[in-house]
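Colleague: As a plain string of letters, each chain reads:
Protein chains: 2
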Amino acid sequence: MSTPAYTELFQRHQRLHRLGHLQSIAQWDQSANMPPKGNEARSLALAEMGGLLHQLATEPQLKSLLEQAAAENLEADQRANLREMGRAWRASNALPQSLVEAKSLANSRCEHAWRAQRQANDWAGYVENLREVVRLTREEATLLADGTGLSRYDALLDLYEPGMRSAEVDRVFGDLRSWLPALIRQVREKQAQETVIRPVGPFTQAAQKALGLDAMRLMGFDFEAGRLDESSHPFCGGVPEDVRMTTRYREDDFLPSLMGTIHETGHGRYEQNLPREWLGQPLGQARSMGLHESQSLSFEMQLGSHPAFARLLSPLVSRHLGEQPAFEPGNLNRLLTRVNPGFIRVDADEVTYPAHVILRYEIERPLVEGEIEVEDIPALWDAKMMELLGLDTRGNYKDGCMQDVHWGCGLIGYFPCYTLGAMYAAQWFATMRRAMPDLDARIAAGDLAPVFDWLRENIWLQGSRYETPELVRRASGETLNPAHFKAHLQSRYLG
Amino acid sequence: MSTPAYTELFQRHQRLHRLGHLQSIAQWDQSANMPPKGNEARSLALAEMGGLLHQLATEPQLKSLLEQAAAENLEADQRANLREMGRAWRASNALPQSLVEAKSLANSRCEHAWRAQRQANDWAGYVENLREVVRLTREEATLLADGTGLSRYDALLDLYEPGMRSAEVDRVFGDLRSWLPALIRQVREKQAQETVIRPVGPFTQAAQKALGLDAMRLMGFDFEAGRLDESSHPFCGGVPEDVRMTTRYREDDFLPSLMGTIHETGHGRYEQNLPREWLGQPLGQARSMGLHESQSLSFEMQLGSHPAFARLLSPLVSRHLGEQPAFEPGNLNRLLTRVNPGFIRVDADEVTYPAHVILRYEIERPLVEGEIEVEDIPALWDAKMMELLGLDTRGNYKDGCMQDVHWGCGLIGYFPCYTLGAMYAAQWFATMRRAMPDLDARIAAGDLAPVFDWLRENIWLQGSRYETPELVRRASGETLNPAHFKAHLQSRYLG
Ligand SMILES: [Zn+2]
Ligand SMILES: [Zn+2]
Chain S
1 MSTPAYTELF QRHQRLHRLG HLQSIAQWDQ SANMPPKGNE ARSLALAEMG GLLHQLATEP
61 QLKSLLEQAA AENLEADQRA NLREMGRAWR ASNALPQSLV EAKSLANSRC EHAWRAQRQA
121 NDWAGYVENL REVVRLTREE ATLLADGTGL SRYDALLDLY EPGMRSAEVD RVFGDLRSWL
181 PALIRQVREK QAQETVIRPV GPFTQAAQKA LGLDAMRLMG FDFEAGRLDE SSHPFCGGVP
241 EDVRMTTRYR EDDFLPSLMG TIHETGHGRY EQNLPREWLG QPLGQARSMG LHESQSLSFE
301 MQLGSHPAFA RLLSPLVSRH LGEQPAFEPG NLNRLLTRVN PGFIRVDADE VTYPAHVILR
361 YEIERPLVEG EIEVEDIPAL WDAKMMELLG LDTRGNYKDG CMQDVHWGCG LIGYFPCYTL
421 GAMYAAQWFA TMRRAMPDLD ARIAAGDLAP VFDWLRENIW LQGSRYETPE LVRRASGETL
481 NPAHFKAHLQ SRYLG
Chain D
1 MSTPAYTELF QRHQRLHRLG HLQSIAQWDQ SANMPPKGNE ARSLALAEMG GLLHQLATEP
61 QLKSLLEQAA AENLEADQRA NLREMGRAWR ASNALPQSLV EAKSLANSRC EHAWRAQRQA
121 NDWAGYVENL REVVRLTREE ATLLADGTGL SRYDALLDLY EPGMRSAEVD RVFGDLRSWL
181 PALIRQVREK QAQETVIRPV GPFTQAAQKA LGLDAMRLMG FDFEAGRLDE SSHPFCGGVP
241 EDVRMTTRYR EDDFLPSLMG TIHETGHGRY EQNLPREWLG QPLGQARSMG LHESQSLSFE
301 MQLGSHPAFA RLLSPLVSRH LGEQPAFEPG NLNRLLTRVN PGFIRVDADE VTYPAHVILR
361 YEIERPLVEG EIEVEDIPAL WDAKMMELLG LDTRGNYKDG CMQDVHWGCG LIGYFPCYTL
421 GAMYAAQWFA TMRRAMPDLD ARIAAGDLAP VFDWLRENIW LQGSRYETPE LVRRASGETL
481 NPAHFKAHLQ SRYLG
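Protein chains in written order, with the working numbering: chain S, 1 to 495; chain D, 1 to 495.
If we strip away everything but chain S, and leave its shape as in the complex, we get:
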């Protein structure tokens, strides 16, 4: 079958993948290894590459190649790949190269400065860089929205969760808002009766790292195709062939790093198990940010905070950190399911986490739409933290609106994905339990293979073959249904 236009597009995407590989590794290195004086040159190099990739993704021939390929005789997967090529093309061609380069430079600068500024609680310094990032992000959103009828915010949201709209987020988050504060109160009352033994530190970084590596092995991470390092903001980067996970360590508490590592392992295994024969092509990529988060939360929350899972984790903890009463499985699970409203999103428990996301969504949406300005963020943050979690963050930028670097990196429209992911994850496990009624017994017996097999088959190996709603329907038999998340929280925390 002769498919010259499709074949040409296929080769161009291989090339983008190869050059993007160097960019991904250099970005990981920037966070995990790079000394401070390397930052300016690195930012310029990444901006240059960003511009080059944008140039390759916007070459004029692509439009007619996509049109010609649509008329070629393609197999189903090729046609799906072509659909994703078109999606990538539309995303890339909305923005002029000058904007792509300016964004890359502004984001790198803002992120780099943030490291020291956050330590110094220096909002005044940070806002100077953030203002420019937001200005460019609004410009990007306007161009993305042009001609689609989408609002500026929806145009950004669509980049991370194709097909998702703020109206839908409003509905789902509105539902959450209607029962979450009450649920938090109920859980807090129930847990007030419980005795929980705190682990006694300090825990050396070396011991925590060894524990984290063992947890990654338990979760099936392939160390021949990836590694674990440290960075101030943990992430899962690199390329599917070589996944670069990072974490950070606190000597006084090992759980944030341990559970963060298990979380990133979920991202990492998704990447490591994408369809190999499609790597380098749009079809070979992870479906969406929300889907990605559904994997990390399947690992961290659905499995990691499962009462039976604590029996698998407990011996690992004792092996690396010594014997302590706190490490007993029942207590370990109580520690992991302790609900405690706090300042920091990444340290938040499963129940209060959605409140952090709702808060950010309620700030970033009007921020992009131009209804508020960066100067308004702290006051809004303070008000919403008090309203949703009853916490006072006034003057505490470090643990308030400067805790995340997302906005400083121009990553706006992304936060909802965390809670969408939590909902998808609850839906996956509800589906698994229908198919395997003994699932919880198998987890208790240390047999995690059924979970990994289900995820590999239904999510990982699907790549971007289907659009999100279709993937969700094929995997679980229905579209996104927040009832599963509610049932999960009620069963785990009030059951």
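Please keep in mind that the hints were generated in silico from the structure rather than gathered at the bench. One thing to keep in mind: the hints can contain errors.
The list treats identical chains as one, so a pair stands whether inside a single copy or across any two.
The calculated DMTMM-like cross-link candidates involving lysine to aspartate or glutamate, where the alpha carbons are at most 20 Å apart (straight line), are [said to hold, decoys possible]:
id, residue 1, residue 2
1, K37, E224
2, K37, D222
3, K398, D347
4, K209, D229
5, K209, E230
6, K63, E375
7, K37, E277
Keep in mind the model is a prediction, meaning the values are calculated, not measured.
Chain S is already provided as a structure; the job is to place chain D with the ligands on it using the hints.
Modeller: Frame of chain S; chain D with the ligands shown alone:
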């Protein structure tokens, strides 16, 4: 002053520098971090970037831009930069793509087979591949020599040491040859009387790494602009703004890693101190391979094996590896200056090392010129090893002419740089001592700043502003003079 062509060239070189930055970091990562399953994707990514950089360096407009810029009104540094742009352009454009590809194929075939062939002492197998590499290297040399009036060998030598000619190498190596074998005998006789205490291992990798980092601090490495990691083949990579040094550790002996680290620190500081305002341009690059080696050998040999330096090193060694009689300064210096003719170049001491290089030069020059053929190598090797070092290598290809992979990789014309570097280093220190008669006392007092200041001013900050002979003359007041190297060896080893 309007200089449109020069400005255009300037911007194109900035772009090459930025993209090359990502390539350098990814290459470093491949050696220092990358898990095995990442290799195929990484190799494809680096090859893609290599092709892209070659394409950018051979764009047809460059020729006329260079011609136009030559007629523009440029300042002295700009003109020097343009001269170096021209050099880079000629190197990239001398060879047709077909030859570049044939060379790359032949080199990797030869190198790959060499790994097993060397183990098996299989000269007959190796020579089959080497013949093709030499044939293509002669073809390359012919094209590089075309129209320059250079001989084929000189055309290759000029790639690594701009301005150096084999007539000059003949002169300095001829001088060296006239006194080196006798000097080696004298030193051996003198050292036969000495008692040297061997260090007692094992030495943990962690302790050796901490020692190496302290040695780098002593040598002034800027850890805000670089780092030290591990790889199986130590090198100094990265970019001037972010130098990535590597070393490897042997638990039974700490000196190879320690002195290797000090050696690479010399390369690293050269890169870190290139003229900042010219970074990204050819003028901002290190001058040559020989000059680079003159920095690593200034650190490793001129300073590192200086009797007074042992008094600075000894407390560092004891701090990290514990107290041992072997670590006493006098003994440490005897260990570092032990002369012992051996088969292997990379294990050779300061005094016998030049013999290994002279031998290779005396074979590779006539080989490229077509005066001998690959079949003649073993007999020449055997004769010269006996003549220069009194060692019998007959039939021992593994530790003889198959020990280095340089020729098999098509790297011919490079070997002289090692000993030119040693000679330059001796010349720098002779110059410093004329200007600062108390230099050795200052080294003994731990004051290394005068050395670093001199190197920074005379070598590092000069970048590629001058061709090598001119740089040498400006730095030391004369052209390369082997008498300084002779005086250095006599003073250190027979004094
Ligand atoms: Zn995540
Ligand atoms: Zn070197």
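Colleague: Take the hints in turn and mark each one as holding or not.
Modeller: Hint by hint, here is what the structure shows:
In this homomeric assembly, K37 and E224 come within 20 Å of each other (Cα to Cα) only across copies, at 6 Å, whereas the closest approach inside a single copy is 31 Å. Only between protomers do K37 and D222 lie at most 20 Å apart by alpha-carbon distance; the minimum there is 9 Å, versus 33 Å within a single protomer. Proximity of K398 and D347 under a CA criterion of 20 Å is satisfied intra-copy only: 14 Å inside one chain copy versus 53 Å between copies. In this homomeric assembly, K209 and D229 come within 20 Å of each other (Cα to Cα) both inside a single copy, at 9 Å, and across copies, at 18 Å.
For the homomeric pair K209 and E230, the shortest alpha-carbon distances inside one copy (9 Å) and between copies (19 Å) are both at most 20 Å. Proximity of K63 to E375 under the C-alpha cut-off of 20 Å is found in neither arrangement, the shortest distances being 41 Å within a copy and 52 Å between copies. For a Cα distance limit of 20 Å, the shortest separation of K37 from E277 across copies, 15 Å, qualifies, whereas the shortest one inside one copy, 40 Å, does not.
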